[in-house]
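These protein sequence lines are chains E and L, in that order.
All residue numbers for the first sequence refer to the UniProt record's numbering, where the first residue is 1 and numbers rise by one.
All residue numbers for the second sequence refer to the UniProt record's numbering, where the first residue is 1 and numbers rise by one.
Wrong hints could be hidden among the right ones.
With a cut-off of at most 27 Å between alpha-carbon atoms, the simulated DSS-like pairs for lysine-lysine come out as follows [what the hints assert, rightly or not]:
| # | chain 1 | residue 1 | chain 2 | residue 2 |
| --- | --- | --- | --- | --- |
| 1 | L | 162 | E | 42 |
| 2 | E | 42 | E | 113 |
| 3 | L | 162 | E | 162 |
| 4 | E | 113 | L | 42 |
| 5 | L | 42 | E | 42 |
By construction, these hints were calculated from the structure, which means they are not laboratory data.
2 protein chains.
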Amino acid sequence: MPTASAGPRRRADAERSIARIVSAARTALSGDPDASVDDIAKAAGVGRMTLYGHFRTRAELVEAALADAMRAGEEALSSVDLAGDAREALARLLESSWSLVAESVALSIAAQKALPAGRLRELHAAPARRVEELIARGQDQGVFRTDLPVSWLVNVLHYILKGAAEENRAGRVETGEVGRLVIATARSILAVPPPDATPGHPDVSAGAEVSGP
Amino acid sequence: MPTASAGPRRRADAERSIARIVSAARTALSGDPDASVDDIAKAAGVGRMTLYGHFRTRAELVEAALADAMRAGEEALSSVDLAGDAREALARLLESSWSLVAESVALSIAAQKALPAGRLRELHAAPARRVEELIARGQDQGVFRTDLPVSWLVNVLHYILKGAAEENRAGRVETGEVGRLVIATARSILAVPPPDATPGHPDVSAGAEVSGP
């Protein structure tokens, strides 16, 4: 075999091998956040040494698996129609986001355990930006509150999606129920509060008594 | 030294040693969730072997540190006045809870990494029950929503408190600001939604247009 052609072929082999390892890591870690490097190498059909040749640590492998899942998620989310009323657009976005988060909840746990928080945040930058823009648009439309920072609202929605996925995974919330809970909760969080909100924030339109001044 | 009196004295020594180790673990893990057993032994002024004599694994030590923090937290929370309007009681409870959560955010991260989810949940049972009872009382008073399960609402508040502590720790939300954000968000989540809530949940009292039927 002439060495001149070995380079490109080796690179192609390496790329196939990497893709197989990342795919196996995604599957394994989505089932068990504590899946070992050995489990993943076995599932990918490669040797331990081959795997470590591409990923020096388990953390590198977890990061590659999460990045791959985020890329696939971005493809799905970028096709969600965000036009029109921001409240309805948010419901559509949350419905799609929730199933993506649910699919990767074990993988997220693996990533939380293995990666620094800053790196996790970078990997979530694109979906966070999408929600941020949608909230800003809803504020322009006058349908979302402006009394709390947008960055806080984005984070709250993120924590609620993650929490919902954890509750679902633990069997405390049924899969068919999660979308409704997440969307109803998100709506309440983003809705414009009544202008005369007292400390207790009574809902005037619902007929509750206003006890404050 | 007569062996007859060695038993009680040894037990007293052991208890003092355990208390010192647990206290050192709380301090160390509250600063760095990845603090090692060696760091903790050194801070407690005991040898590695002594520490392992009391706690067989790092996870056992993390659990003891978290249990100790939760006990102290329970003492603080049990003195919060929960009488009167449930909305105002909730604000007082969240204000106190938030600072406890903030103090132990690194310790919580350590516990999440080291302990099974079920054990973590058991350790949080008492504060969760307190919030659950308060929400039920607010529902009886007609000031909290009844269209979402109480268990979901308790979990959402938990995830928001944890999220707020993480945001604060990462320097993205100022300490003086967290209480207001958490309380305003919790109020919106628990408030009775308008009876004619359309998909977008427009807030009629705030003058937003109702686009639905």
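Outcome of the hint check:
| no. | hint | in the structure |
| --- | --- | --- |
| 1 | L/162 to E/42 | violated (37 Å) |
| 2 | E/42 to E/113 | holds (22 Å) |
| 3 | L/162 to E/162 | holds (12 Å) |
| 4 | E/113 to L/42 | holds (25 Å) |
| 5 | L/42 to E/42 | violated (40 Å) |
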